[in-house]
Every structure is written in structure tokens, then in C-alpha cells.
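Order-wise, the sequence lines are chains A and B. Per the working numbering, the very first residue in the first sequence carries number 44; after that it's consecutive. Per the working numbering, the very first residue in the second sequence carries number 4; after that it's consecutive.
None of the hints are false.
The calculated DSSO-like cross-link candidates involving lysine-lysine, where the alpha carbons are at most 30 Å apart (straight line), are:
1) B:Lys86 with A:Lys72
2) B:Lys152 with A:Lys76
3) B:Lys175 with B:Lys210
4) B:Lys210 with B:Lys279
5) B:Lys301 with B:Lys122
6) A:Lys105 with B:Lys122
7) A:Lys231 with B:Lys301
8) A:Lys76 with B:Lys175
9) A:Lys105 with B:Lys86
10) A:Lys76 with B:Lys177
No lab work stands behind these hints, which were simulated from the structure alone.
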Amino acid sequence: MEELINKIKGSIELSTDAEVYLRSIAKEKELVKGETLIREGYGVSSIYFVTDGCLRSYCIDKKGKEHTLQFGIRNWWISDYIAIHSNELASLTVECLTESSVIEFNAEKLNGILTLFPEYEPFQRNLLERHLVSLQKRILNQLQLTALERYDLFLAQYPDIEHYTRNYHIASYLGITQESLSRVRVEKARQ
Amino acid sequence: MNTKDTMQALQLIKYGPIEESLAFNEVARPALQVTDVLIEVRAAAINPIDKSIILGNLQSLLPISFPRTVAYDVSGIVVEKGKDEADFEVGDLVYARVPQTQMGTIANYVAVNANAVSKKPGNISFEEAASIPLAGLTALQSLRYAGTKEGDVVLIHAGSGGVGSFAIQYAKAKGAYVYTTTSTTNVRWVSDLGADRVIDYKTEDYKTIVADVDIVFDTLGKHYTMEAFQVIKEGGMVVSVAGPIDEENSKIFGMVDYKLPDELTNLIDERTASYKFIFMHPNGVHLAEIKALIEDGKIKPIIDKVYPFHESIEAFSHLASGRAKGKIVIQIS
Numbered sequence: 044m045e046e047l048i049n050k051i052k053g054s055i056e057l058s059t060d061a062e063v064y065l066r067s068i069a070k071e072k073e074l075v076k077g078e079t080l081i082r083e084g085y086g087v088s089s090i091y092f093v094t095d096g097c098l099r100s101y102c103i104d105k106k107g108k109e110h111t112l113q114f115g116i117r118n119w120w121i122s123d124y125i126a127i128h129s130n131e132l133a134s135l136t137v138e139c140l141t142e143s144s145v146i147e148f149n150a151e152k153l154n155g156i157l158t159l160f161p162e163y164e165p166f167q168r169n170l171l172e173r174h175l176v177s178l179q180k181r182i183l184n185q186l187q188l189t190a191l192e193r194y195d196l197f198l199a200q201y202p203d204i205e206h207y208t209r210n211y212h213i214a215s216y217l218g219i220t221q222e223s224l225s226r227v228r229v230e231k232a233r234q
Numbered sequence: 004m005n006t007k008d009t010m011q012a013l014q015l016i017k018y019g020p021i022e023e024s025l026a027f028n029e030v031a032r033p034a035l036q037v038t039d040v041l042i043e044v045r046a047a048a049i050n051p052i053d054k055s056i057i058l059g060n061l062q063s064l065l066p067i068s069f070p071r072t073v074a075y076d077v078s079g080i081v082v083e084k085g086k087d088e089a090d091f092e093v094g095d096l097v098y099a100r101v102p103q104t105q106m107g108t109i110a111n112y113v114a115v116n117a118n119a120v121s122k123k124p125g126n127i128s129f130e131e132a133a134s135i136p137l138a139g140l141t142a143l144q145s146l147r148y149a150g151t152k153e154g155d156v157v158l159i160h161a162g163s164g165g166v167g168s169f170a171i172q173y174a175k176a177k178g179a180y181v182y183t184t185t186s187t188t189n190v191r192w193v194s195d196l197g198a199d200r201v202i203d204y205k206t207e208d209y210k211t212i213v214a215d216v217d218i219v220f221d222t223l224g225k226h227y228t229m230e231a232f233q234v235i236k237e238g239g240m241v242v243s244v245a246g247p248i249d250e251e252n253s254k255i256f257g258m259v260d261y262k263l264p265d266e267l268t269n270l271i272d273e274r275t276a277s278y279k280f281i282f283m284h285p286n287g288v289h290l291a292e293i294k295a296l297i298e299d300g301k302i303k304p305i306i307d308k309v310y311p312f313h314e315s316i317e318a319f320s321h322l323a324s325g326r327a328k329g330k331i332v333i334q335i336s
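Let the sequences and hints guide you as you build the complete structure.
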């Protein structure tokens, strides 16, 4: 929690009252490998700040295959934002790939901070903008870059992640087959 | 009967030819025991044992009463669980080879003891997952019993079959050197599975090529079981799912006076090798191991054809033809 509070204080002036409110709505959780935080088809009310470990969000297609949307590592946020924004059932599953620690925030209460403490707004806006930038980059990269280039960016963004993930997690995140991932790795090793 | 409690199922109505012995019936949903999960079936797979059951060849070994839903392999979604069941959640995507008493996966729902169930590999479809359990467990349990490890030299017959094709991939994942036999038309794709030396039995005699192997995995029985002792090394092991039952297993079945055929006993003694008949058993833990191997890309499902539910009988006819290159799967929903 301290790391998150310090991060916030690094961007905005966080009043004591706002800090107290934030701490009061935060639930710190220790999770085991394989634990599920959000389950496709179920209700979602929380967003999670990852303080340790590695999480993954994925969806399942009609044939029963998983497709990875996002990895959540230290200091990243993870949730099903469509479900929260539209008040729908989750279309994603969020699972722990390792033992992990997260801070859980009820989405409604976290939004409540904006009404009570307007000084928090720039931090929230900045977070959402960075999230949008990340998504836009990901779409553009998918359209413009080679699989090797996207793999290189992936490794730079998620150092050490190959220790916790299965090949198909990475392959589906990059939008390639596992066989293509093997070829990309061989190509990279030859560089 | 409340229509919510019924479902469609492919049932064996008598022993006999495939075209005459199977029928689609509206039946009650299976009852759930406290340690079961209820699976909404998305796909089921069929195996040679199903054909043997239909024809009546196993009626003394596996007595069943009619009508009885057929098939053992399933992949689907957990929709309900027994009150003592804690390993799975409603919504989990799973796969299983169901126990004998719960046989009947060509249906909308099947109740399965949770010990036989595992989450399915995330990178393959329901159809691909359904193709794995029976063949995969047979291969894994046999090769594991034989202690397959890095550097072992293994002979796997019938590399194009459901069990053989899995066994090749499993043995390679363990770091073994693999000989396999198959017919000319299958040589290339069996080679692509990773087998080190593929022997075309139509043009080559494997006994002149293979010698002193650590393990023979016999899936053919008859003279192949005996011939295994010509190619096994001293102290090696022959594991079989098609040969005679071994004496240790015979006691479990209450066969007090059973003895291995003399010919086999002599061969075992001559080579100071071991022989074991493997009874494949449902096992969710083993399926979880297979899940990891599949997710890592070390084992791939091999599907010959997927049939829609209403063409299940045609699927069995195709199985009976012996021409399938890979598994035959039925898409239930």
C-alpha cells in the first residue's frame, strides 16, 4: 500500500483526508498461484493494483481456446474495465500465474474519491490516459510490426515474464501461433 | 419428466453391428454424487474400445445393461458440482476420461467423479481436448510405469494410432529416442510428431532395425508381444495394453490360478526382461500433467475428423473402417 500511496503522492498533492479514505477502501490480498480474481460470466466490482507477482487476463472463444489480453505485474492495474464501465458480467477471467499480492479497490468507491477529493482527479486521468496509450500502441504494433519486433517490445515491457508464463500465454498475447513463437525465438537467438 | 431434466444421448440398445445397435434417445440428466461434477458436454471422442463394446466383444469383461449411453472421453464446462466437491468451480473448462460406471459422454451432460477430471489445456479447443484423455492416459501411464526418461530408447508400435501418436510425443518430451512403426501413407506425419526413426512396416522389418531397446510399448498384442523380447535389451521392460494380463494384475481380478502363457514366460526369462500389462485408469492428476505438456507445445492433439452430434453413428462407422489418421471427435454443442 505504501508504494501505491507514494506513487500517487509523486504525481499530486494528496491530502491527509484523501489518503485516509484511500486506505479505508483498500483491501490487501495475498493470492496463490492459480487463484482467480475475476471470472468470465460473473459480476465484477473491483479493480486491482498488483504489488507483487504476475496475473493474466484472458477470454475464451467459442471453441474453448484462451486468448491472453493482458499481463498484470508489479505496479500495474488489472480488471475487466468493460464490465465495470457498462455494469455487465465479466467477459474476461483474471488469474494468478504466480503467488501474488494485490490491493483490491471497489470500483464505485474508488470513483467516489473524485467527488470527495477533486485533487485526486489528475492522478486518475493520467492513469486512464496511460492505459489508453498502452492499448493504442498495442493495436498499432499489431498492425505495423513484425512478430519479432512485437516479441522484443513484449520482453522489454515485461522483464522475466517468461519464467511464469506458458508458451501459449505469450503466443496468444502476441497474436501468433505457438509454432510462430518458436520461430521468433530462434530468429532472436540468431541476432 | 420435466424437459429441463432430460437430455439427448447416443445409446447402445443391443450388441451388434454399429448401424443397428445405436440410437438417439431422450433420457434423464445424470444424477450427481457428492464428489461429482456435472459437465455440459461440448465434445466427446470415440475410441476402439467403444467399437468393441458395441459389437459385444467385451460383454463379459464390461457387462452393461441396455440402453446405455456410450463413450468415455469428454471436454466441456462444469455447470454443477456435488456438495462435497471442492476442486472445481462452476464455469471451469475441463476434460476427462470418465470412470466405467459413469460411461456415456455422447450426451448433453455427464456426471463425473472429480478425481477423473482436470481443467482442460487453455490453448486447444473443446474438440481437441476431448481427443486426449483415454489415449493420453493409456500412453502416459504405460510409459511412466516403464520409467521412461531422458536417453532411453523406446519402441512404440502403431505410431499413427491415437495411443501411439500421443506416446511418441510424450516419450520425446521426456527426452527418449523413439522408434516407431507405421504404414507408408503415415510415415511423413508420424515423423513430424518427432519420432527419431519411423519404420514403414510395409517395406521394412522392424526386427532387423531395432535392437536392445530399453522399453517396448506394445499396443498391438498377439505376436508383437512375443517379438518385443527379440528387440528388448537385457533388463529392459515391455509394457503392453494388448497382450496377456500379467500375474500380479490377475490376482487383483481374483484369477487365482492364472499363469502367463509359457511362451511369454520363457522369453521374459531368456532376456531377464520385465513384462507388465497396463490397465489404463481415469486420473485427473495425470490429465493435469498432460495439460501442462500441451500448453507448452510439447504434445499436440491429432484430429482426423469432427462429426456433429446428429452424425455420431457415422462417426463410429468411420472409426470401424480403420482409416482414420488421428482421433475421431463428436461436437455435441
